[in-house]
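**Student:** The lines below spell out each chain.
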Amino acid sequence: MTQLLLNIDPSLVDWSRAQFALTAMFHWIFVPITLGILFIIAIMETIYVKTGDPEWKRTTKFWMKLFGINFAVGVATGLILEFEFGTNWSNYSWFVGDIFGAPLAIEGIMAFFMESTFIAVMFFGWNKVSKKFHLASTWLTALGANISALWILVANAWMQYPAGMEFNAETARNEMVNFWDVLFSPVAINKFLHTVTSGYVLAALFVIGVSSYFLLRKREVLMAKRSIIISSVFGFLAILSVIFTGHGSAVEVAKHQPMKLAAMEGLYKGGEGVELIGFGILNPEKTADNDVDPFVFKFGFKGMLSYLISFDSKSYVPGINDLLKGDENHNVISVEQRMEKGDIAMNALIAYKEAKASENAEEAAVQLAIFKENFSHFGYSYVDKPVDVVPNVPMVFYSFHIMVILGTLFVLMFIIFGWMTMKNKIDKFKFSKLLYYLGILGIPLAFIASEAGWIVAEVGRQPWVIQDLMTTTAGVTNISSSSVQLTFWIFAFIFTGLLITEVSIMIRFIKAGPAKPENDGGTEL
Amino acid sequence: MNVFKRVFRFYYEGFRDMPRWGRQMWLIILVKGFVVFILVKFIFFPNHLKKNFDTDQQRSEYVIDQLIKTSQNDTTTVKH
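Protein chains in written order, with the working numbering: chain A, 1 to 525; chain B, 1001 to 1080.
Read the hints as simulated data drawn from the structure, not as lab findings. Be aware that one or more of the hints could be misleading.
Computed cross-link-like contacts, DMTMM-like style, restricted to lysine to aspartate or glutamate with a CA-CA straight-line distance of at most 25 Å [stated by the list, open to error]:
#1 Lys356(A) <-> Asp1065(B)
#2 Lys1069(B) <-> Glu373(A)
#3 Lys1032(B) <-> Glu502(A)
#4 Lys372(A) <-> Glu1061(B)
#5 Lys132(A) <-> Asp1065(B)
#6 Lys1051(B) <-> Glu170(A)
#7 Lys1069(B) <-> Asp388(A)
#8 Lys1032(B) <-> Glu451(A)
#9 Lys356(A) <-> Asp1054(B)
#10 Lys1050(B) <-> Asp1065(B)
#11 Lys269(A) <-> Glu336(A)
#12 Lys516(A) <-> Asp1054(B)
Pairwise CB distance ranges, derived in the manner of DEER restraints [to be verified]:
#13 Phe1004(B) <-> Glu359(A): 28 to 36 Å
#14 Leu1030(B) <-> Gly271(A): 43 to 51 Å
#15 Gly1033(B) <-> Ala136(A): 25 to 33 Å
Where is the CB? At the ideal position from N, CA and C, for every residue including glycine.
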């Protein structure tokens, strides 16, 4: 049964992408809280075990309850992404082969055995297992959740920088030739650390926000202050890692996805000593093929972008137009040249297939060699015109800058909240109410920054579903666009319902506060 | 008591003594599990290649055909 894909509906690609984005962004509401709050809970429980202070146990249990709600509402939302791979992105799913299969299988097994086992001990085990065993279970749940995240992030990093694999033209699948190259590619390392530690930042801001609510209401003051101290220190250390790995990610983007970097900075014309844009307003008239000034307004730091990606403030950074048209002086190959090489690879694949069918082994070997030689440009055979490889610049630019600006605010918040609470000045401060409101506001801002980061990563690499090898158009399944639209709206409805459920249950339990000390028998899930 | 009995009792007592909020969470998990695994997976999201082809060879041939046809299709303008 071979269906030909002669007239694919362009809206199918858009709806399939929209559906995947909706699911992924919704999934990412729950994941970062889980990744980070588990460590905060583990630190609190460690202090309880060390000191024996029952107030620390009460504090630990309160945050554990909020984690439980988040876990219950969020669990299995990620599975829908895997279903979408099989239905909406079947060409892509087949093409990636065991690059995705192996990490996701490991993730599934680890998540099931580690998280489910130790979460049960966390919730059912109070007063049933020893304090130390319970504490070990809490730490192992935190580690398990983070290790689970490793595998899916490694798979995502591979899509940005396909390493450690070889494409088999016979099976149309990528085969892993070096597991360690996939796992330890610089893109994967930076992506994993940047993503999980950004989750820690979000969780720390969540704890600060909820604690600020209690301080605003003058309730549970001791618990709130202790929670702010733990989460401020944890969040501050995490955001240092976010900055460090964010820089590492940018260096890798400059090497492997220079178009994404150019879009992040609204950089159309590159050069030497390129400035870093602090913030700017993009000119809506600007396109890659006109000479309009890209910015209506901007302020930047001269030479800083060059410096950040190569530690040399005079180094060359290509812009969108340099990447489109090529720059021989700096060994930048034009998109048109890559399209030609992509066509050579595609024609060789067709000729290889025909040679195999006619059992002409010699010709097949020749065509396979040509195909392999040009495979790194294979995805360009799907590109109609060079400008198609430019992502949505405003979306990427603004998302990136919103993320960076909010990240800077979070650094200040961790310092101010941590320092003022440690010095016991937070409720004596003249503008303490304002600070508490800022703490509460920090929760939605953290989500905005976190989602913006994913928009940069995923919209910034368009049109590629696998960098340089496969476009989203080639990866999509030829199914009815209306069926994807239908499931998009079903998901939008279900996800909105779940979000309302999560937020309303959270608010109810936050308002109720932690259990009274005398009723502190169990918070079992 | 052997280890299996102890594990069983641990879970049994855990579920039995679960407070109301824990039961509510389990209800959410079960309803969502039903929606995700039964409605979403089997009604709306069958695996396209597994459903339509019997062997990996057929799937490979189909995907290669798709990759070739898509590259030859002038109407597939890349969208952002």
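**Student:** Tell me the numbers of any earlier hints that the structure contravenes, in ascending order.
**Tutor:** 5, 12, 13 and 14
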